[in-house]
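Chain residues, written in single-letter form:
Number of protein chains: 4
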Amino acid sequence: MIRVGVIGYGYWGPNLVRNFADQADATVTVVSDQLAERLTLAQRRYPAIRVTTDPFDLIADPAVDAVAIATPVAFHFELAMAALRAGKHVLVEKPLAANSEQALRLVEEAERRGLVLMVDHTFIYTGAVRKIRELIAGGALGEIYYYDSVRINLGLFQHDVNVVWDLAVHDLSIMDYVLPARPVAVSATGISHLPGQPENVAYITLFFAGSLIAHVHVNWLSPVKVRRTLIGGSEKMIVYDDLEPSEKLKVYDKGVTVGQHPEDVYELLVSYRSGDMWAPRFDTTEALRTEAHHFVECVERGARPETDGLEGLRIVRIMEAAEQSLRARGKLVELPADVGEPEMMNAER
Amino acid sequence: MIRVGVIGYGYWGPNLVRNFADQADATVTVVSDQLAERLTLAQRRYPAIRVTTDPFDLIADPAVDAVAIATPVAFHFELAMAALRAGKHVLVEKPLAANSEQALRLVEEAERRGLVLMVDHTFIYTGAVRKIRELIAGGALGEIYYYDSVRINLGLFQHDVNVVWDLAVHDLSIMDYVLPARPVAVSATGISHLPGQPENVAYITLFFAGSLIAHVHVNWLSPVKVRRTLIGGSEKMIVYDDLEPSEKLKVYDKGVTVGQHPEDVYELLVSYRSGDMWAPRFDTTEALRTEAHHFVECVERGARPETDGLEGLRIVRIMEAAEQSLRARGKLVELPADVGEPEMMNAER
Amino acid sequence: MIRVGVIGYGYWGPNLVRNFADQADATVTVVSDQLAERLTLAQRRYPAIRVTTDPFDLIADPAVDAVAIATPVAFHFELAMAALRAGKHVLVEKPLAANSEQALRLVEEAERRGLVLMVDHTFIYTGAVRKIRELIAGGALGEIYYYDSVRINLGLFQHDVNVVWDLAVHDLSIMDYVLPARPVAVSATGISHLPGQPENVAYITLFFAGSLIAHVHVNWLSPVKVRRTLIGGSEKMIVYDDLEPSEKLKVYDKGVTVGQHPEDVYELLVSYRSGDMWAPRFDTTEALRTEAHHFVECVERGARPETDGLEGLRIVRIMEAAEQSLRARGKLVELPADVGEPEMMNAER
Amino acid sequence: MIRVGVIGYGYWGPNLVRNFADQADATVTVVSDQLAERLTLAQRRYPAIRVTTDPFDLIADPAVDAVAIATPVAFHFELAMAALRAGKHVLVEKPLAANSEQALRLVEEAERRGLVLMVDHTFIYTGAVRKIRELIAGGALGEIYYYDSVRINLGLFQHDVNVVWDLAVHDLSIMDYVLPARPVAVSATGISHLPGQPENVAYITLFFAGSLIAHVHVNWLSPVKVRRTLIGGSEKMIVYDDLEPSEKLKVYDKGVTVGQHPEDVYELLVSYRSGDMWAPRFDTTEALRTEAHHFVECVERGARPETDGLEGLRIVRIMEAAEQSLRARGKLVELPADVGEPEMMNAER
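Residue numbers (our numbering), protein chains in the order written: chain A, 193 to 541; chain B, 193 to 541; chain C, 193 to 541; chain D, 193 to 541.
Okay, chain A solo, but in the shape it has when bound (with noise of 0.2 Å):
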């Protein structure tokens, strides 16, 4: 029975401590939050858990084997590294660290304390994305050409990190998981539109070796929701609506072929493919549910999580170079061959 400490009962914390207390070889036994009616809230529904506006007593008590931090970004370096070194295995929400320093600090102190470390990449663990990646790995779409994304909405601004934090980290953090490859270079645009706030709306293409494309579009003041992504392949492609109350993935055998020998610039080259479409159907488990359950199982049995500590610090290392991107206007940042391979875990490997 793992024993869960949540700190942080705003947005996020309540899905983490509904979903902990929900699996069947763990609880939540302590709540931290700076502000005392949340904690009211808390113990309403839970009355045998322990509150408490102090994050390091939770982390200090011995009824807590791990950690899970759902504060501002600006606080997860020192809570994560603070539970770290207090023995205690972390579960961090997305992203990481306010940066790749922070995020590598902590995946080498968690390797060398032997303690997981795992980000809350929460889409990772939905059906729609485990399915996509078994489509192209299995080599369904053939060569991937492009990933187009859109995430867009009015609201929640954040006051700490700008959009590219909030939303593209998801992005980001799919790619990571369905594509390929991974990218070498980044070219970022975007603003803020209310004075003394983060940028509020992003434009990020990311490049890859060879003619992989991949770009995402974020917005905090958008009219509509859209939550929408395009993959293209040479063979089929795919529409990912995570909008639709049913139906999220649909997969086009749509296409093009060029012909070999053209003899006329009038004369078609390019041939259009338009054949069936398919909606697969995928597992509609919560994402968070899954998620927990597979901490859970990592904290038993000392194992790598699928989104673990690295994997955290080479989204971080994107939205960086993303970020300085954008500040400069477009101009393209190189992103290192080893993004999210420090040296000592490539020696490990």
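It is worth saying that the hints were derived from the structure and are not from the lab. One should not assume that every hint holds.
Unchecked claim - Derived Cβ-Cβ restraints for the label pairs, each shown as a range:
| hint | chain 1 | residue 1 | chain 2 | residue 2 | range |
| --- | --- | --- | --- | --- | --- |
| 1 | A | D352 | C | D468 | 36 to 44 Å |
| 2 | C | N291 | D | G467 | 34 to 42 Å |
| 3 | D | A329 | A | T449 | 31 to 39 Å |
| 4 | C | G306 | B | E427 | 50 to 58 Å |
| 5 | A | Y464 | D | R493 | 33 to 41 Å |
| 6 | A | R465 | D | V450 | 40 to 48 Å |
| 7 | D | R519 | A | E326 | 57 to 65 Å |
| 8 | D | G467 | C | E427 | 44 to 52 Å |
| 9 | A | S463 | C | R519 | 42 to 50 Å |
| 10 | A | A495 | C | R236 | 23 to 31 Å |
| 11 | D | F248 | B | R305 | 56 to 64 Å |
Just so you know, even glycine gets a beta-carbon here, dropped at the ideal spot from N, CA and C.
Fit chains B, C and D to the supplied structure of chain A, relying on the hints for placement.
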């Protein structure tokens, strides 16, 4: 009665012929195309029209007052220049020319001879775009924050121009028409997925003075067709979906305001406003009918068209800059302050 | 402080408990269910609540002022009657009872004892339906021509009532609330596709005085979920799509007018009007929260609920007539002029 | 080469002329219409065609082998009968005639003279409907449970027939083509909202032997256009949405099965199956092109068309019965077992 000659009877030419034939004050006298079977088709439909495989024969015909050009982009300049030199008014399919030098020479030639030079930026003549301009000009949206457009589908691949010159040209001309300012710099990315073919996917960010930003996503290799533009303002926001059979235009009373005295980083600084949505009715006349009528009127009255050569030149200059940026993977390219304003134009105004 | 006991903790009961628990002036003191595992679940979530497998034990508990009943329809009458006789106020899940005789006896019992009897017609407490009523009552639609509703999906099959009593009850109660008149006759068709099961598809037409007509299509065996109501009026028309994430309600300025002096059968007698569409904003509070609040208020003040027993009786009478017509394959069944107006009620008013 | 004469050049006639003109084995020789301006329009487009205001002049013309009739329904019988008596093959716009007696007389006249009599049930010639028939005939859907169609929009009001004869005729002919059985009885409701005009809204239930049921909802006064058909089967279910720009046809692997030995009324008797969805590709040739080709072939080969007079008669008989039921507010009207099978027809088969 204006006598019109139409060069090119492939995809777009028949629409031009039909719409000029429908005008009370115009008649189509000659049609030319390189392919004999297309001319047979034209003549079967319109037995009174003379046909020829030689466009210069059409241009030289004294029974032609105005020439409409619907050929591949590569021939726009040569044909339009010949027509102007023959004293004919000219309507050129978008884009005006293959580069800005050509476009400028056409503008100057038309100006010198007092002839009408109009570019076929069709969307400017739709009821939807005119309504958008009216809403923005009337202040309904407040300060304009962003313009975001997605224009993607499968095909038709062009061979002499890339997807920017084929599809983004529509968005750039709409922006030129509806936005209160002109772009000052551009950053673009994109790629070709078919060997030896022009870029088939592109992402273009346009920077303006202040915090207005625009973005265009165009793609010839998408499994689904999308034609959707978002325009965000401080007071209201527009969604313009050209594929909706009705209610193409939706105006949302949505937005945010920033609090003045936040006392706490946890306090909500930003408050959201979500009111009614409104889909205004607008004129649904076929755009090309309105456009043909406007061209005929300009010829009759010696007036300057809404989409004159100068506008065509401005759009070509932006596409040149976008292509330059795209090939340098996002490198910022500044646009001259007088983009689209040749010396002689400024002097005259 | 109103102390509520909730009978039934299956699909709907937990929502009742949660919403009464959230009311400032109410508390849930007892929950009963036949199944022990459901009670375990209730107690884990709400440790202060007493649980029992015996609903009559709950009804007899002096710590219960009001009873909410969320059991299969077959038990509604017996439990509600026992609760009223024990002097408790009662909220019954829809439909009020399994037949009109039972419904009438409940109405009379509550009336005699001065107790609140409310039926859980949830949609009446949604912002959308309240806005529709406001628009119709304010005359915005002009003369009402028709009400047409489709409420279909896959499952959940009921075993003691057919699809009319499960799904059409929603539409009938909405009509009762928003329309300016009451139906005078009904014709219905439908069938069961599963041997030994209740009818799973039904079509109900309601006739009113004048030319108002209403139709409801319900189906438990549809591959897609639809919740769409059209309301046509002489001045405006409404589309209410409950599955839209936003803009559930759209008001169309569309209609026709008939010319007065047609001189020729070929002449167009009817002219069409197509204006703006408008999606009004409305309150999005969870309906059951509003409803729980209303029930508590009625109990405190001795007031008559908006969805009182009489309304429940009216709806049951229509469903009985619809079922009778359905079994006679569409045979018209007249509704009494005083449908839902028992003698004693009329006398008192 | 079949020489076709077209009577009526209003809404549908120009489509007939265009599609017959496009056939390799046909030519349009004469067009007639009461209105001179329509004939001017026809002649401007097709200068080689003779025009006349007198349909009997057209029928008598020896340069006409076959007559296509696109007039108001009231004239179908007289014109078609005259054409048959003049020895011409006949294509009649839907519905075949204004009543079943007329329809039967046309069928018999054509049979007697060995002439082709075809009714323009256009949807039968669409790729979508042909694919539906193929799926049902191949057993993919299992046992067919229901057919449900909604065909509503604003206008165009007809003056000589009601909405059943104008719109439901499409659904009835599609059912006749795709369903494995024919209806045995009908119950219909509906009303007219405009004084002195035909019924503008109607609901028709068709009963079949066994548990198959069909329903059609038609309305000329709907704020939104809907063209959606659901076909439920024991194995799979179809949604056919004719307004979808692509994927008009979706096949759902969804359904239910009933358990055999329920031990408890609370136990779930019915289990649900929800698998993949599949949108098969189908031929997208314009239906009227396929239909014109089929008519020409039947004339050339003396073959019986897929939508022959007998099918037209069957549909007219159902509409007559529906209208009779509608005027009696849902009263069941039995359809004769040999609906659409005149004596002489049966004898010959």
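These are the hints, each one checked on the structure:
1. A:D352 with C:D468: 36 to 44 Å: 42 Å, holds
2. C:N291 with D:G467: 34 to 42 Å: Check passed, 39 Å falls within 34 to 42 Å.
3. D:A329 with A:T449: 31 to 39 Å: About 34 Å separates the Cβ atoms of A329 (chain D) and T449 (chain A), which means 31 to 39 Å holds.
4. C:G306 with B:E427: 50 to 58 Å: 53 Å, holds
5. A:Y464 with D:R493: 33 to 41 Å: This hint holds: roughly 35 Å between Cβ atoms.
6. A:R465 with D:V450: 40 to 48 Å: 43 Å, holds
7. D:R519 with A:E326: 57 to 65 Å: 59 Å, holds
8. D:G467 with C:E427: 44 to 52 Å: 46 Å, holds
9. A:S463 with C:R519: 42 to 50 Å: 59 Å, violated
10. A:A495 with C:R236: 23 to 31 Å: Since the Cβ atoms of A495 (chain A) and R236 (chain C) sit about 30 Å apart, the hinted range of 23 to 31 Å holds.
11. D:F248 with B:R305: 56 to 64 Å: 59 Å, holds
Consistency with the previously given hints fails for number 9 only.
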